[in-house]
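Asker: Spelled out from the first residue to the last, the chains are:
There are 2 protein chains.
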Amino acid sequence: MDFDNTSDTDLSELGEFGLIKHLTQHIELNQASTVKGVGDDGAVIDNGNLQTVITTDMLVEGVHFDLTYVPLKHLGYKSVVVNLSDVYAMNAEPRQIVVSIAISNRFKLGALEELYAGMLMACKKYNVDLIGGDTTSSLTGLVISITAMGAAKKEEIVYRTGAKEGNLLCVSGDLGGAYMGLQILEREKAVFKENPNLQPDLEGKDYILERQLKPEARKDIFELFKTLKIQPTSMIDVSDGLSSEILHLCTQSNVGVDLYEEKIPIDPLTYNTAFEFNLDPTLCALSGGEDYELLFTIDIADYEKVKNIKEFTVIGHITNEAKGRNMIAKAGSVHELKAQGWNALLKK
Amino acid sequence: MDFDNTSDTDLSELGEFGLIKHLTQHIELNQASTVKGVGDDGAVIDNGNLQTVITTDMLVEGVHFDLTYVPLKHLGYKSVVVNLSDVYAMNAEPRQIVVSIAISNRFKLGALEELYAGMLMACKKYNVDLIGGDTTSSLTGLVISITAMGAAKKEEIVYRTGAKEGNLLCVSGDLGGAYMGLQILEREKAVFKENPNLQPDLEGKDYILERQLKPEARKDIFELFKTLKIQPTSMIDVSDGLSSEILHLCTQSNVGVDLYEEKIPIDPLTYNTAFEFNLDPTLCALSGGEDYELLFTIDIADYEKVKNIKEFTVIGHITNEAKGRNMIAKAGSVHELKAQGWNALLKK
Numbered sequence: 001m002d003f004d005n006t007s008d009t010d011l012s013e014l015g016e017f018g019l020i021k022h023l024t025q026h027i028e029l030n031q032a033s034t035v036k037g038v039g040d041d042g043a044v045i046d047n048g049n050l051q052t053v054i055t056t057d058m059l060v061e062g063v064h065f066d067l068t069y070v071p072l073k074h075l076g077y078k079s080v081v082v083n084l085s086d087v088y089a090m091n092a093e094p095r096q097i098v099v100s101i102a103i104s105n106r107f108k109l110g111a112l113e114e115l116y117a118g119m120l121m122a123c124k125k126y127n128v129d130l131i132g133g134d135t136t137s138s139l140t141g142l143v144i145s146i147t148a149m150g151a152a153k154k155e156e157i158v159y160r161t162g163a164k165e166g167n168l169l170c171v172s173g174d175l176g177g178a179y180m181g182l183q184i185l186e187r188e189k190a191v192f193k194e195n196p197n198l199q200p201d202l203e204g205k206d207y208i209l210e211r212q213l214k215p216e217a218r219k220d221i222f223e224l225f226k227t228l229k230i231q232p233t234s235m236i237d238v239s240d241g242l243s244s245e246i247l248h249l250c251t252q253s254n255v256g257v258d259l260y261e262e263k264i265p266i267d268p269l270t271y272n273t274a275f276e277f278n279l280d281p282t283l284c285a286l287s288g289g290e291d292y293e294l295l296f297t298i299d300i301a302d303y304e305k306v307k308n309i310k311e312f313t314v315i316g317h318i319t320n321e322a323k324g325r326n327m328i329a330k331a332g333s334v335h336e337l338k339a340q341g342w343n344a345l346l347k348k
Numbered sequence: 001m002d003f004d005n006t007s008d009t010d011l012s013e014l015g016e017f018g019l020i021k022h023l024t025q026h027i028e029l030n031q032a033s034t035v036k037g038v039g040d041d042g043a044v045i046d047n048g049n050l051q052t053v054i055t056t057d058m059l060v061e062g063v064h065f066d067l068t069y070v071p072l073k074h075l076g077y078k079s080v081v082v083n084l085s086d087v088y089a090m091n092a093e094p095r096q097i098v099v100s101i102a103i104s105n106r107f108k109l110g111a112l113e114e115l116y117a118g119m120l121m122a123c124k125k126y127n128v129d130l131i132g133g134d135t136t137s138s139l140t141g142l143v144i145s146i147t148a149m150g151a152a153k154k155e156e157i158v159y160r161t162g163a164k165e166g167n168l169l170c171v172s173g174d175l176g177g178a179y180m181g182l183q184i185l186e187r188e189k190a191v192f193k194e195n196p197n198l199q200p201d202l203e204g205k206d207y208i209l210e211r212q213l214k215p216e217a218r219k220d221i222f223e224l225f226k227t228l229k230i231q232p233t234s235m236i237d238v239s240d241g242l243s244s245e246i247l248h249l250c251t252q253s254n255v256g257v258d259l260y261e262e263k264i265p266i267d268p269l270t271y272n273t274a275f276e277f278n279l280d281p282t283l284c285a286l287s288g289g290e291d292y293e294l295l296f297t298i299d300i301a302d303y304e305k306v307k308n309i310k311e312f313t314v315i316g317h318i319t320n321e322a323k324g325r326n327m328i329a330k331a332g333s334v335h336e337l338k339a340q341g342w343n344a345l346l347k348k
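Line order of the protein sequences matches chains A and B. Here the working numbering is used: the first residue of the first sequence is 1, the next is one more, and so on. Here the working numbering is used: the first residue of the second sequence is 1, the next is one more, and so on.
Hints in this document: simulated from the structure, not taken from any laboratory. Do not rely on the hints blindly, as some may be mistaken.
Listed below are the simulated DSSO-like cross-link pairs for lysine-lysine, each with C-alpha atoms no more than 27 Å apart in a straight line [unchecked claim]:
(1) B/21 x A/125
(2) B/21 x A/108
(3) B/226 x B/154
(4) A/21 x A/338
Please work from the sequences and hints to get the whole structure.
Answerer: Here is the structure:
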């Protein structure tokens with residue numbers, strides 16, 4: 001195994017996707033049953049009649065969540081949901097999860113119980129079995145690692161690689177809400193630090209707080225595809241922000257895109273809260289992340305099936321790769337679509 | 001979800017197994033495809049022709065490994081092997097793994113490359129595909145979470161629950177070596193702390209150091225079972241020490257056991273090193289852990305098949321539950337078998 005002379009490179013220089021690409025470059029797949037390895041929302045294993053989709057996510061205290069404002073039950077619920085979202089993004093039905101937890105002695109049993117209760121609540125809601133795991137000590141914070149497995153017929157599984165020129169680009173629900181919910185929580189945390197006697201001001205923000213603290217995976221959309229007999233040509237879930245996910249689909253499908261800013265679905269509460277924070281609502285949708293909506297492409301012949309469905313919005317169309325990845329702004333100007341992510345854009 | 005009034009209980013009061021039992025008491029299994037959930041080396045999912053075995057392990061810096069003497073490549077190798085060992089302990093063939101890593105910025109890219117190179121080396125040796133994962137930041141140490149999947153026919157899978165009165169209790173390889181390797185490493189670390197100019201004295205200790213730093217999963221034993229047409233009645237891998245694993249088999253199979261101290265296979269180097277440290281070699285085998293040997297029971301009719309196989313040792317037999325779990329010491333005295341684990345017994 002030779003990784004060339006990169007040993008002293010700082011991890012931050014590469015970024016998450018660069019790092020994954022670098023580390024996975026030497027992976028060889030030798031098992032006949034491996035259909036798809038690294039590079040999509042989930043890996044795929046062939047089991048004869050059905051294929052199994054596998055996906056895994058790790059959540060680290062202080063990096064992915066802040067226990068000063070995230071209740072443990074919500075954290076447990078969310079940690080399951082984000083994995084199920086990846087399974088749905090492969091157009092598969094989640095069936096089982098395994099859960100590993102590292103926890104320090106500063107937590108009492110009650111804390112772990114809350115976390116577990118939240119995870120089991122999500123399992124119940126999504127009809128998923130918790131079938132195994134590992135519970136261990138950590139020296140400092142809480143770490144949660146979940147692997148989810150789902151099932152689908154071979155012909156049903158949707159990859160990131162199938163978008164074709166002329167396809168419509170669609171998204172479920174609305175975007176940017178989870179990010180604005182986080183802004184509210186961060187603001188109230190700062191206020192509380194200054195003056196612990198002040199009560200947090202969360203009134204009227206329920207929807208975006210829930211988007212952040214207790215997101216749902218779009219099981220309903222997965223079911224709607226079956227009802228409407230829609231087989232998306234490509235799909236991904238929106239965990240890192242719309243622009244980043246669109247670029248993933250384009251890169252992996254070797255296509256271009258025209259995204260229309262005015263079509264991006266943003267809830268009025270998200271919109272107004274963004275203005276409260278002097279943020280551009282479109283930027284929040286493009287770069288905010290954690291919305292766990294499904295972004296997908298469909299054949300234009302399926303337009304009739306989706307046009308009257310409230311939960312779907314057509315936000316653009318797939319073009320030839322040479323045309324590039326563009327956002328057509330409300331004023332009509334054309335901008336190159338870039339993945340900035342909320343770390344880079346909004347937190348500094 | 002109601003966990004009663006236990007909220008203020010310290011996690012350490014319950015111990016690992018008590019904690020798992022407590023947290024998993026409310027789990028319901030609803031998926032028709034879930035064959036086996038929590039409670040064995042791996043969970044089992046039905047996929048029609050084949051069943052899938054799933055197992056997961058989390059390794060935390062400062063808890064499970066000490067980077068002052070564990071090379072990262074070895075750590076990567078070992079972190080894969082410990083998961084494969086669990087798959088073999090279900091008598092299934094490991095096929096795929098997913099890997100999640102949380103790592104702090106104090107590590108350079110070269111460190112992650114070493115870790116990955118070790119993991120891929122194990123994948124190659126065991127013919128397993130690395131098919132996915134998650135790479136994320138941590139605030140302090142390194143955390144590795146691996147989930148392994150394997151396949152077997154329904155009738156081949158071996159659970160912890162099948163030991164029957166009259167069965168022979170067998171183990172592969174030898175025991176206590178990994179623990180003695182750890183003692184050497186800890187001793188040399190202490191010496192180095194006192195005087196950084198002294199070179200570590202590891203001479204002649206290769207075998208037990210390798211048992212600790214670069215253990216192997218018993219793929220050969222899995223294959224030997226097929227060759228010899230042996231279907232163990234129950235099986236578990238030795239990760240926590242022989243006594244703990246025997247008690248797991250007995251509890252889950254509702255049987256008793258007579259274990260013969262004189263039969264426990266201990267390598268001469270393990271034996272001599274234990275004396276060097278004023279430790280009882282038997283105690284090291286019973287409580288040391290991390291040997292990753294396979295402990296299993298077979299029908300007495302299979303005795304002819306195993307008796308001349310160097311890698312197998314018959315160490316006892318299964319009795320009626322009412323007879324209890326006993327170790328017959330070399331001097332002939334009978335002792336109740338207890339699971340003390342190396343944390344409790346040897347480190348304090």
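Asker: Hints first: check each against the structure and report whether it holds.
Answerer: Do the hints match the structure? See the list:
For the hint pairing residue 21 of chain B with residue 125 of chain A, the CA-to-CA distance comes to about 23 Å; that is within 27 Å, so the pair holds. Among the hinted pairs, residue 21 of chain B with residue 108 of chain A is consistent with the structure: their alpha-carbon atoms are about 16 Å apart, no more than 27 Å. Under the criterion of a C-alpha separation no larger than 27 Å, the hint pairing residue 226 of chain B with residue 154 of chain B is consistent with the structure, at around 15 Å. For the given pair, residue 21 of chain A sits about 19 Å from residue 338 of chain A by alpha-carbon distance, which is consistent with the 27 Å threshold.
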